[in-house]
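Kindly produce the complete structure, drawing on both the sequences and the hints.
Chains as they are written, first to last, in our numbering: chain A, 1 to 308; chain B, 1 to 249.
Since the hints were derived computationally from the structure, they do not count as laboratory data.
Warning: the hint list may mix true and false statements.
Stated by the list, open to error - Below, a list of computed lysine to aspartate or glutamate pairs in the EDC-like style, where the Cα atoms sit at most 16 Å apart:
1) LYS303(A) with GLU240(B)
2) LYS241(B) with GLU251(A)
3) LYS219(B) with GLU171(A)
4) LYS272(A) with GLU245(B)
5) LYS243(B) with GLU164(A)
6) LYS243(B) with GLU306(A)
7) LYS303(A) with GLU236(B)
8) LYS169(B) with ASP121(A)
On a predicted model such as this, the values are computed, not experimentally measured, just so you know.
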Amino acid sequence: MAILIIAELDKQGLGAECAKVVGAATQLGQEIHVLVAGSDVAEAAGQAAQLAGVTKVLLADHECYSHQLAESMADLVVELAGGYSHILAAASAKGKDTLPRVAALLDVAQHSDVIAIESEDTFVRPIYAGNALATVQSLDAVKVATIRTSAFDAAASQAPVEVEAVDSVKETRLSQFIGEELVQSERPELGAARVVISGGRGLGSGENFALIEALADKLGGAIGASRAAVDAGYVANDLQVGQTGKIVAPELYIAVGISGAIQHLAGMKESKVIVAINKDPDAPIFQVADYGLEADLFDAIPKLTELL
Amino acid sequence: MKILVPIKRVVDPYVKVRVAADESAVELANLKMAINPFCEIAVEEAVRLKEKGQADEIIAVSIGPKVAQEQLRTAMALGADRGILVEHDEELAPISVAKVLKAIIEKEKPDLVLFGKQSIDGDNNQTAQMTAALTGMGQATFASGIEVEGDQVTVAREIDGGIQTLSVKLPAVVSADLRLNEPRYASLPNIMKAKRKPLETVSVADFELQLGAHQRVLKVTAPAERSGGIMVGSVEELVEKLKNEAKVV
Numbered sequence: 001m002a003i004l005i006i007a008e009l010d011k012q013g014l015g016a017e018c019a020k021v022v023g024a025a026t027q028l029g030q031e032i033h034v035l036v037a038g039s040d041v042a043e044a045a046g047q048a049a050q051l052a053g054v055t056k057v058l059l060a061d062h063e064c065y066s067h068q069l070a071e072s073m074a075d076l077v078v079e080l081a082g083g084y085s086h087i088l089a090a091a092s093a094k095g096k097d098t099l100p101r102v103a104a105l106l107d108v109a110q111h112s113d114v115i116a117i118e119s120e121d122t123f124v125r126p127i128y129a130g131n132a133l134a135t136v137q138s139l140d141a142v143k144v145a146t147i148r149t150s151a152f153d154a155a156a157s158q159a160p161v162e163v164e165a166v167d168s169v170k171e172t173r174l175s176q177f178i179g180e181e182l183v184q185s186e187r188p189e190l191g192a193a194r195v196v197i198s199g200g201r202g203l204g205s206g207e208n209f210a211l212i213e214a215l216a217d218k219l220g221g222a223i224g225a226s227r228a229a230v231d232a233g234y235v236a237n238d239l240q241v242g243q244t245g246k247i248v249a250p251e252l253y254i255a256v257g258i259s260g261a262i263q264h265l266a267g268m269k270e271s272k273v274i275v276a277i278n279k280d281p282d283a284p285i286f287q288v289a290d291y292g293l294e295a296d297l298f299d300a301i302p303k304l305t306e307l308l
Numbered sequence: 001m002k003i004l005v006p007i008k009r010v011v012d013p014y015v016k017v018r019v020a021a022d023e024s025a026v027e028l029a030n031l032k033m034a035i036n037p038f039c040e041i042a043v044e045e046a047v048r049l050k051e052k053g054q055a056d057e058i059i060a061v062s063i064g065p066k067v068a069q070e071q072l073r074t075a076m077a078l079g080a081d082r083g084i085l086v087e088h089d090e091e092l093a094p095i096s097v098a099k100v101l102k103a104i105i106e107k108e109k110p111d112l113v114l115f116g117k118q119s120i121d122g123d124n125n126q127t128a129q130m131t132a133a134l135t136g137m138g139q140a141t142f143a144s145g146i147e148v149e150g151d152q153v154t155v156a157r158e159i160d161g162g163i164q165t166l167s168v169k170l171p172a173v174v175s176a177d178l179r180l181n182e183p184r185y186a187s188l189p190n191i192m193k194a195k196r197k198p199l200e201t202v203s204v205a206d207f208e209l210q211l212g213a214h215q216r217v218l219k220v221t222a223p224a225e226r227s228g229g230i231m232v233g234s235v236e237e238l239v240e241k242l243k244n245e246a247k248v249v
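Okay, structure coming up:
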């Protein structure tokens with residue numbers, strides 16, 4: 001038996017999540033095949049072929065996969081599913097969109113946001129916004145799971161393996177791509193950054209996020225936000241860290257003007273070092289912070305930026 | 001247009017849960033329960049479509065214990081026209097929930113099935129996608145904007161790098177994200193009126209479904225506690241600690 005990983009693509013080619021999912025899959029000690037489906041994606045397939053542990057890349061290059069919409073992707077994966085014991089993808093917006101559809105078509109359960117693999121059929125995943133961890137044994141023949149990428153190391157590189165073309169066209173016509181508005185950013189991607197600086201309601205306005213930006217640029221970090229800051233319109237919603245936004249686990253997480261609601265903690269409490277800067281000494285964020293500073297952020301952040 | 005809104009009874013999102021001492025589950029006895037917040041957003045969106053004249057009937061459906069009636073009444077107080085409770089005491093895996101919903105959909109034939117994107121207890125984010133798969137419908141998950149035009153629904157979706165817009169043929173499955181709308185509060189007169197709206201109770205056994213055992217929860221544990229941190233007195237001290245103690249900058 002082997003493992004099938006569904007690769008995600010971005011503008012540069014293969015998405016950064018894929019190396020993490022391959023890293024997780026290597027713990028299962030089986031052959032690893034990566035499916036690269038899209039339109040004009042030979043380059044991404046070449047990148048997948050160089051991830052350590054991958055034994056074969058399947059390349060489905062057709063216009064019907066150009067935006068990796070769930071309906072055609074799921075049909076393609078189900079057609080290829082015979083012979084695989086595990087089907088994995090990253091627990092990203094795309095993985096979460098597609099994999100449950102695959103699982104239902106195969107009549108098996110899906111395991112979401114897996115943070116540890118205990119054996120080939122037993123996985124650990126957070127529930128209740130990360131306030132509990134469930135160890136779940138799958139009773140299905142095929143295990144379908146999304147992988148929380150912040151919990152696994154990326155695969156290293158290797159000499160490229162074989163890329164095999166898959167000649168399959170799944171046009172469902174159920175849904176159609178209309179457009180996309182992507183946020184332009186020069187900073188590292190939130191999910192992969194070594195340092196994340198997040199702002200909350202305490203910033204008071206979108207303009208004041210410039211303070212966070214200056215600090216992020218100094219540290220080469222990414223910017224995050226609490227739900228309150230997103231709802232108030234200070235920043236775009238794809239910067240939200242939390243149960244309903246992105247889950248991050250950087251080496252350093254600096255929470256500025258964030259009280260620390262459980263929904264926010266669910267998205268960042270696995271960070272290696274947490275720093276909280278808040279003027280309310282009773283803010284719950286101080287309970288998870290390694291270093292807490294009770295101060296007005298408008299004084300502390302410029303000073304911190306200057307001293308670093 | 002007929003809209004079906006599946007809702008779930010979950011622990012109130014502001015309650016901090018504890019793991020049971022025998023590590024079998026999360027302690028839920030005597031905790032405040034509520035409609036899952038994402039389901040509430042789905043109900044609100046259905047009501048707004050009805051107010052725009054684009055929907056004529058909203059059916060709220062829930063699969064759960066008898067007390068889940070409370071959440072169906074809340075949905076009806078918010079504007080759903082009637083409720084269906086599929087009584088079942090054990091927690092079902094999303095694949096089984098999707099099979100039950102498929103049976104309801106075949107009976108009610110809605111044009112749009114509006115879900116919340118995930119429930120805040122299991123955090124699975126699967127049921128909408130699975131229901132779409134089993135019924136052969138198209139899907140638009142994580143919706144932050146919904147426009148119905150003719151036999152299509154145009155949905156703005158929250159994706160990792162921004163917003164993506166899809167057009168899906170009706171009947172379709174859409175799942176609501178946080179920013180789709182701001183749910184209204186139920187007014188007292190509407191809470192009273194909701195008590196007289198029809199609520200049908202059925203049981204999973206009525207549908208002759210094969211709900212296989214797909215998974216077994218071996219244990220539920222509390223996550224590792226973070227070791228206690230320290231408060232620093234100044235920005236200078238913070239920088240010093242980050243450089244020399246934590247060595248992260």
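We went through each hint and held it up to the structure:
{"no.": "1", "hint": "LYS303(A) with GLU240(B)", "result": "holds (13 Å)"}
{"no.": "2", "hint": "LYS241(B) with GLU251(A)", "result": "holds (15 Å)"}
{"no.": "3", "hint": "LYS219(B) with GLU171(A)", "result": "violated (42 Å)"}
{"no.": "4", "hint": "LYS272(A) with GLU245(B)", "result": "holds (13 Å)"}
{"no.": "5", "hint": "LYS243(B) with GLU164(A)", "result": "violated (49 Å)"}
{"no.": "6", "hint": "LYS243(B) with GLU306(A)", "result": "holds (14 Å)"}
{"no.": "7", "hint": "LYS303(A) with GLU236(B)", "result": "holds (9 Å)"}
{"no.": "8", "hint": "LYS169(B) with ASP121(A)", "result": "violated (37 Å)"}
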